[in-house]
Each structure stands twice: as C-alpha cells, then as structure tokens.
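Start from the sequences, fold in the hints, and give me the full structure.
Number of protein chains: 2
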Amino acid sequence: MDAAAPEMIEALKEEARVAYREAMAHLAAAVTIVTTDGEGGRAGFAATAVCSLSDTPPTLLVCLNKASSAHAAVSVNGIVCVNVLAAHHENISRVFGGRTPMTERFESGTWEIGDTGAPVLADALTAFECRIGHVVDGGTHDIFMAEVLAIRSTTDKPLIYFRRSYQSL
Amino acid sequence: MDAAAPEMIEALKEEARVAYREAMAHLAAAVTIVTTDGEGGRAGFAATAVCSLSDTPPTLLVCLNKASSAHAAVSVNGIVCVNVLAAHHENISRVFGGRTPMTERFESGTWEIGDTGAPVLADALTAFECRIGHVVDGGTHDIFMAEVLAIRSTTDKPLIYFRRSYQSL
Numbered sequence: 772m773d774a775a776a777p778e779m780i781e782a783l784k785e786e787a788r789v790a791y792r793e794a795m796a797h798l799a800a801a802v803t804i805v806t807t808d809g810e811g812g813r814a815g816f817a818a819t820a821v822c823s824l825s826d827t828p829p830t831l832l833v834c835l836n837k838a839s840s841a842h843a844a845v846s847v848n849g850i851v852c853v854n855v856l857a858a859h860h861e862n863i864s865r866v867f868g869g870r871t872p873m874t875e876r877f878e879s880g881t882w883e884i885g886d887t888g889a890p891v892l893a894d895a896l897t898a899f900e901c902r903i904g905h906v907v908d909g910g911t912h913d914i915f916m917a918e919v920l921a922i923r924s925t926t927d928k929p930l931i932y933f934r935r936s937y938q939s940l
Numbered sequence: 772m773d774a775a776a777p778e779m780i781e782a783l784k785e786e787a788r789v790a791y792r793e794a795m796a797h798l799a800a801a802v803t804i805v806t807t808d809g810e811g812g813r814a815g816f817a818a819t820a821v822c823s824l825s826d827t828p829p830t831l832l833v834c835l836n837k838a839s840s841a842h843a844a845v846s847v848n849g850i851v852c853v854n855v856l857a858a859h860h861e862n863i864s865r866v867f868g869g870r871t872p873m874t875e876r877f878e879s880g881t882w883e884i885g886d887t888g889a890p891v892l893a894d895a896l897t898a899f900e901c902r903i904g905h906v907v908d909g910g911t912h913d914i915f916m917a918e919v920l921a922i923r924s925t926t927d928k929p930l931i932y933f934r935r936s937y938q939s940l
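Taken in order, these protein sequences are the chains called A and E. Here the first sequence stands for residues 772 to 940, numbered as in our numbering. Here the second sequence stands for residues 772 to 940, numbered as in our numbering.
Please keep in mind that the hints were generated in silico from the structure rather than gathered at the bench. Any given hint might turn out to be false.
Any copy, or any two copies together, can satisfy a pair, since identical chains are not distinguished.
Below, computed lysine to aspartate or glutamate pairings styled on EDC-like, alpha-carbon distance capped at 16 Å [what the hints assert, rightly or not]: (1) 784 / 826; (2) 837 / 826; (3) 837 / 913; (4) 784 / 918; (5) 928 / 894; (6) 928 / 781; (7) 928 / 861; (8) 837 / 908; (9) 928 / 878; (10) 837 / 785; (11) 928 / 918; (12) 837 / 786; (13) 928 / 786.
What follows is the structure, encoded as structure tokens:
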C-alpha cells in the first residue's frame with residue numbers, strides 16, 4: 772500500500788484540530804485574565820486553560836502558547852496573577868482575548884499592583900498571585916506551574932464561556 | 772531571630788491549604804468523569820482538573836492525585852476517556868466523586884466500550900478518548916498529557932460545579 776501523501780496527512784491533521792476545537796467548545800469554563808509585570812514587561816491575556824494541580828503547596832497550572840507575546844513576558848517575569856472574572860467582566864474578557872494592543876488593554880477594568888508586582892483586578896471574583904515554579908514543555912504550549920502566594924475573593928457570580936458565548940449561573 | 776517552630780510552619784501550611792481550597796471553590800468548572808480500563812483494571816473518578824493543552828496535536832491535561840486508586844490504573848492502562856457531564860448527570864458525578872466502591876460505580880449511567888477500550892458514557896455531553904503521552908511529576912499529583920484519538924458530542928446543557936454545588940446554564 773502506498774504511503775499517504777503528505778498533503779493528505781496535513782488535511783487529516785487539520786480535520787482533527789477542527790473537530791477538537793468544536794468539542795472543546797462544549798467544555799464550560801471559568802474565564803480568567805492572567806497578568807504579569809516586571810523586566811519582561813506588563814502583559815495580560817484571557818485564558819480558560821487554567822486548573823488546580825495541588826493544594827500542597829497550593830499550585831495552579833497555566834497553559835500558554837509559546838508563540839504568544841505574553842509567553843515571553845511571563846517567562847522573564849516569573850510571576851503571574853490569575854484573575855477569575857465575575858459575570859459583569861464580559862467586556863474585560865473581550866479586550867484581553869482580542870486584538871487590542873497590550874498597552875491599551877489595562878484601560879479596561881480597575882487594576883492594582885499586587886504583592887508580587889503583577890496587576891490585580893480590583894474586583895476579581897478571585898485573584899491568585901503566583902510565583903512560577905517548573906515550566907513543562909507541552910509542544911505548541913508551555914505548562915507553567917504557578918505556586919499561589921496570595922489570594923483575595925469576592926462573592927460575585929462567575930463569568931462562564933460555553934459554546935463560544937458568555938454566560939453566568 | 773529564632774527560626775519558626777516546625778509546628779508553626781505546619782499550621783501556616785494548613786492555613787494556606789484551607790484558603791486555597793476556599794478560593795478554588797470560586798473557580799466554576801465543568802464536571803468530567805475520567806475513566807480507564809485494561810491490565811491495570813477498570814476505574815473512573817470525577818474530575819474538574821482537566822483543561823486543554825494544545826490542538827496540534829489535540830491534547831488534554833488531566834491532573835491526578837498520586838495517592839488515588841485511579842492513578843495506578845491510568846498509569847498502567849495508558850488510556851483514558853474524559854467524559855464531560857451534562858446537567859442531568861449530577862447523580863453520576865456524586866457516585867464517581869464519593870466513596871462508592873469502584874466495582875459499583877459503573878452501575879450508574881450507561882457505559883459503552885470505546886475504541887481505546889476505555890468506558891465511554893453513552894450520553895456524555897462530550898467524550899474524549901485519549902492515549903496518555905508524557906506524564907509530568909507535579910508533587911502530590913501527576914499531570915497526564917492525554918492525546919485525543921476520538922470524540923463524540925451531544926447538544927445537552929453542561930453540569931457545572933461552583934461553590935460546592937451543582938448548577939447548569
């Protein structure tokens with residue numbers, strides 16, 4: 772049997788990527804803005820690929836595309852704040868998830884400087900200030916293990932992203 | 772200055788763990804049942820610590836406590852199915868997240884055998900059958916990189932866990 776032509780293999784890979792992105796749209800997720808500041812510059816981006824790794828010590832995982840501008844900033848600064856958004860933060864999510872230049876993004880929302888130096892959204896549903904520990908190579912993305920140093924929370928309703936639209940509970 | 776007594780350090784660590792668990796309760800998350808089968812035995816557990824790593828190739832991250840019985844089964848079998856639950860699956864989540872013996876858990880829900888041999892929930896909101904690739908040491912937990920091989924989806928509403936209660940959109 773002939774080997775599949777390279778263009779056929781690429782077409783199959785693209786098909787798998789599309790099917791995967793469609794299926795992931797069914798995984799409801801909290802929306803977060805991951806921020807950083809320091810020698811690598813200030814940056815912030817909307818992320819749903821955040822989850823808990825351990826409570827001993829308290830550690831979150833943050834997945835970040837190596838090709839993103841935020842990746843370099845997070846790598847150099849070694850600190851992040853994971854700001855979990857409330858239902859009323861939909862516009863902030865759009866700004867940090869879209870094509871707005873990094874220098875203009877922080878004009879949306881009220882930002883304070885946290886203990887780590889990372890921007891903290893003043894009225895975040897929950898804000899986790901973290902120090903980056905290990906970084907694991909995950910192919911197109913890196914997995915940052917983020918050890919939690921400081922936490923603040925409110926009692927608002929959460930912003931949820933599901934089937935490509937914003938919702939709340 | 773005297774070094775802090777060991778018991779004081781332990782008390783601070785426990786305080787940090789409690790604060791972290793409280794804050795994580797504010798991170799709304801889809802509920803999944805991660806299942807496996809093979810030489811390591813059949814197992815399944817409720818998990819919210821699942822997120823997307825990459826779409827090239829399609830890969831999920833699954834975090835699993837090293838001390839859990841499911842950890843050994845997943846490690847030996849090398850395959851999992853991530854079954855994303857619909858709103859009407861609350862009872863299945865309670866069974867797989869509680870103290871029900873592993874042999875009795877699969878009596879809740881309608882389970883089929885997937886292409887990988889893993890149990891697939893017949894009416895899952897979305898089911899991702901995966902082959903385990905790299906496993907990364909995350910302290911108390913391991914991070915399993917799960918490459919997606921097959922997907923099926925429905926159009927139901929999602930089951931969401933937020934502030935220790937089940938909700939939907």
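Status of each hint after checking the structure:
1. 784 / 826: between (37 Å within a copy, 10 Å between copies)
2. 837 / 826: between (27 Å within a copy, 13 Å between copies)
3. 837 / 913: So residue 837 and residue 913 pass the 16 Å test inside one copy only (6 Å; across, 22 Å).
4. 784 / 918: So residue 784 and residue 918 pass the 16 Å test across copies only (13 Å; inside, 35 Å).
5. 928 / 894: within (12 Å within a copy, 29 Å between copies)
6. 928 / 781: Classified as neither: same-chain Cα gap 43 Å, cross-chain 33 Å, threshold 16 Å.
7. 928 / 861: Only inside one copy: residue 928 and residue 861 sit 12 Å apart there, 21 Å across copies, limit 16 Å.
8. 837 / 908: within (9 Å within a copy, 21 Å between copies)
9. 928 / 878: neither (23 Å within a copy, 35 Å between copies)
10. 837 / 785: Answer is neither: 20 Å inside a copy and 35 Å across each miss the 16 Å cutoff.
11. 928 / 918: Close neither inside one copy (25 Å) nor across copies (33 Å); limit 16 Å.
12. 837 / 786: Result: close neither inside a copy nor across copies, 22 Å intra and 35 Å inter.
13. 928 / 786: neither (36 Å within a copy, 25 Å between copies)
The structure does not agree with the numbered hints 6, 9, 10, 11, 12, 13 stated previously, though it agrees with the rest.
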